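K.L.:
Listed here are the chains, written in short residue letters.
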Amino acid sequence: MKILVCLKQVPAKDAPIKVAAGEMWIREDVTYEVNEPDAYALEEALRQKEAHGGEVVALTVGPARAAQVLREALAKGADRAVHVEGEAAAQLDCFATAEAIARAIPGEHFDLIFTGLQSDDYGFAQVGVVLAELLGLPHATIIMHLEPTATGIRVKRELEGGYFQNVDLPTPAVLTIQSGISKLRYATLMGIKAAKSKPLTRHSLEEMGVTPRLNRQTITRLYVPARSKKTEMLTGTAKEVAAQLVEHLKNDARVL
Amino acid sequence: MRPFPGIEPPAVDHPVMEADVVIVGAGPAGLACALRLTQLIAAAGAASPLQPDQIVVLEKGREIGAHLLSGAVLDPRALRELLPDFPADAPLEVPVVDEAAFLFTERRAWKFPFTPAPLRNHGNYVVSLNRLMRWLGAKVEAAGVTVFTSVAGTALLMEGEQVQGVRTDDKGVDREGKAQSNFEPGYDLKSKMVVLAEGPRGSLTKQLSLGLGLAGENSQVYALGVKEIWEVPEGRFPAGRVYHTMGWPLPLTMYGGGWIYGLSARQVSLGLVTGLEYHDPRTDPHHLFQQFKTHPFVREVLTGGEMLRYGAKTIPMGGWFAMPPASGAGWLMVGDAGGFLNSQRLKGIHLAMKSGMLAAETIFAALQAGQPARPADYTQRIAASWIRAEMWKVRNFHQGFAGGLIPGLLHGALQQLSGGRGLWTRYGAEEGHARLVQLAHLGPGPKYPKPDGQLSFDKVADVYHSGTRHVEDQPSHLHVADLDICQDRCRREYGNPCQHFCPAQVYEMVEGEDGRPRLQVNASNCVHCKTCDIMDPYGIITWVPPEGGGGPNYDGM
Ligand SMILES: Cc1cc2nc3c(=O)[nH]c(=O)nc-3n(C[C@H](O)[C@H](O)[C@H](O)COP(=O)(O)OP(=O)(O)OC[C@H]3O[C@@H](n4cnc5c(N)ncnc54)[C@H](O)[C@@H]3O)c2cc1C
Ligand code: SF4
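Heads up: the protein sequence lines correspond to chains A and B, in order.
FYI, the numbering for the first sequence is 1 to 256, going by my numbering.
FYI, the numbering for the second sequence is 1001 to 1557, going by my numbering.
No lab work stands behind these hints, which were simulated from the structure alone.
Here the structure is a predicted model, which means the values were calculated and not measured.
Every clue listed holds true.
Derived list of chain A stretches under chain B, where covered just means 3 residues or more per stretch with a C-beta under 8 Å from a C-beta of chain B: (1) 9–21; (2) 24–32; (3) 173–185; (4) 192–206.
A virtual CB, placed ideally from N, CA and C, is assigned to each residue, including glycine.
Turn these sequences into a full structure, and let the hints steer you where they fit.
P.N.:
Okay, structure coming up:
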């Protein structure tokens, strides 16, 4: 099986994040790391390769610093890597990002394309889905488990409320992978050394004609929500108050 | 050599990797050593006895620089020798343009009429050591050296007194010490030469020193530097301005001082250095720094600004007489690990780099001669270099402060006049924690103001700004040999000073199930400053490297 894994570099989970001047995005002086669900996507791809053979290619769309996630993927066992590079990458929305990926892989004919379920920064959860659409492939989201079948693959999707769905798909297909479905491997020293001589192809976003002008979404403002406190007295009979309370717990607090 | 009592790592076979030179620590000392080696290789051409791919650097931080924190004012002397085209593309924030020293009392700041010679910084640069070393690290990697980040050296491979390599950390071990499904055993890196470049109080350096009984004529003494980076309104503090302070909030009996450096038009680095040799076990360096910021002089710089980053790290202050033998069979010490620091100028970067370069030259000469490196060779190179000239002049500086600030300044002046000698050729020094005084002999403890969340912060808020993270499911990397001492003797005698000296709130006394106070160790907060290993009064805390990649993230520090 030939598998493409799309990885994004995002601000580290516990980085002290600050809104940048202009209120359009965060300050860039934080540390970055691989987006968590993407790390599981890579893990799943490597496991598939170990079980069934094939090739794993890691791809990222990002500025120069994002090469880090590719080096890590190579060290963990990916066979080669593709860096779609450009400073504008951080301003691309999910559509333009999917476009960039699609334009970087003509003629590759992957059996499977994995992305993470969603990114820790924008949280669109759309790149994989849009990419499938652009490539004219079937897709399935929130994948917990997958195994090859005679005609393609069978996947287990996570639904809400503890329910799962099993779906049979033909290949090639695009899957968005859920976090926490396995235990991530560590790169070994041998792996890190070997990664240095693995092929890494670079494409420039500009040369591929992908710019934020392709975006279909715009951010108008980024801010930290002000903390507010509000007390509301529920009035009526005990029964009415209880009913109102349940509504609040369901719709406002969302704990029911 | 067994790592430390108490840890039983999973019994497994360790994969072996061969490398001629293993450098532990990618700080200025280790990176300068690696780069100098590649230069010697290039100069020797085909005849070189060493190849760049036979040099490996281990770094426990996630990235090169992740665990590097410094002031920092850089004396570019060593960097200029290492890279003749310096400064070229070096990420120096700004040249020092203006400097002054102040004596603080609680409300006032007295400017010294002139800047004392050792604090003069003409020709130096204000830098972020983190950024500078990421830049140098990229050069080292481009020269063909492998830098293994997120990999810690956990034990030395020894044959008798001969160091033969380094074992790296096991990965994927759970809290109880059991291998998990993604377990990866550490490697045994077999090597001809191990360079210990671990910075202050290195864990392998400590193992070796204990194992071989290495020590300088004086005990090494340390200070803890607590630092923040702030963004301030433009015009408050110009880029390239370098201010040092003495006095308040440190009592006159304590060694240390503050700094404010202008990194750019809108960013300042500031911090407070506290000597880890104070008497009162309730002293809290983090809180002292918070108090420092409330001084009218500092407040004026910071008001309306925002704290961006936090961190803390120790500094070896003992100077020339506290340096252990710098090399032996199969090993060399460079940088802070070997005590190469000028405490009078609070500068170690240039000495770390120079010692790394001299170590490289020693190793290369030995490989060329086809012989093991002779310890005497390294010692001679140091003695013949400006390292000795610089450090000898200030050999008694720190010890002069044993009685506090005023005697220290007087001794300092005397030493200045007598070429470093002062009243005695060698002023003695004992280990810092030995100076702690038991509570029974002390009055009420220091009172620190409550943090206001604007100008001053509690430890938890600050630690958040250090970007610290560890894999949660792993054995604690802080080994406390005897919890009974904490519960009973230490509580009575010293009031559990670990709660106070740790700048990351790792140690807390909480009520145990039996109703008695019990020590709780929040290991995942640890910023790797090593203070606890140095300052606990009974020497029962041992800091060992956690799983590689864990620790602070000192971006821009
Ligand atoms: C608050 C403060 C202010 C300072 N100000 C100045 C200044 O203005 N000017 C100046 O010149 N100097 C200053 N110094 C001193 C200077 O920063 C040090 O002397 C210098 O960084 C020492 O370099 P090093 O390479 O020896 O060690 P370090 O810089 O400490 O680097 C050691 C590296 O080794 C890694 N490491 C340690 N143990 C292991 C292990 N077992 N396995 C793998 N990796 C390991 C660490 O993570 C670290 O990256 C200051 C220091 C402090 C703390
Ligand atoms: S636990 Fe020790 S090394 Fe870690 S931050 Fe606290 S004092 Fe420093």
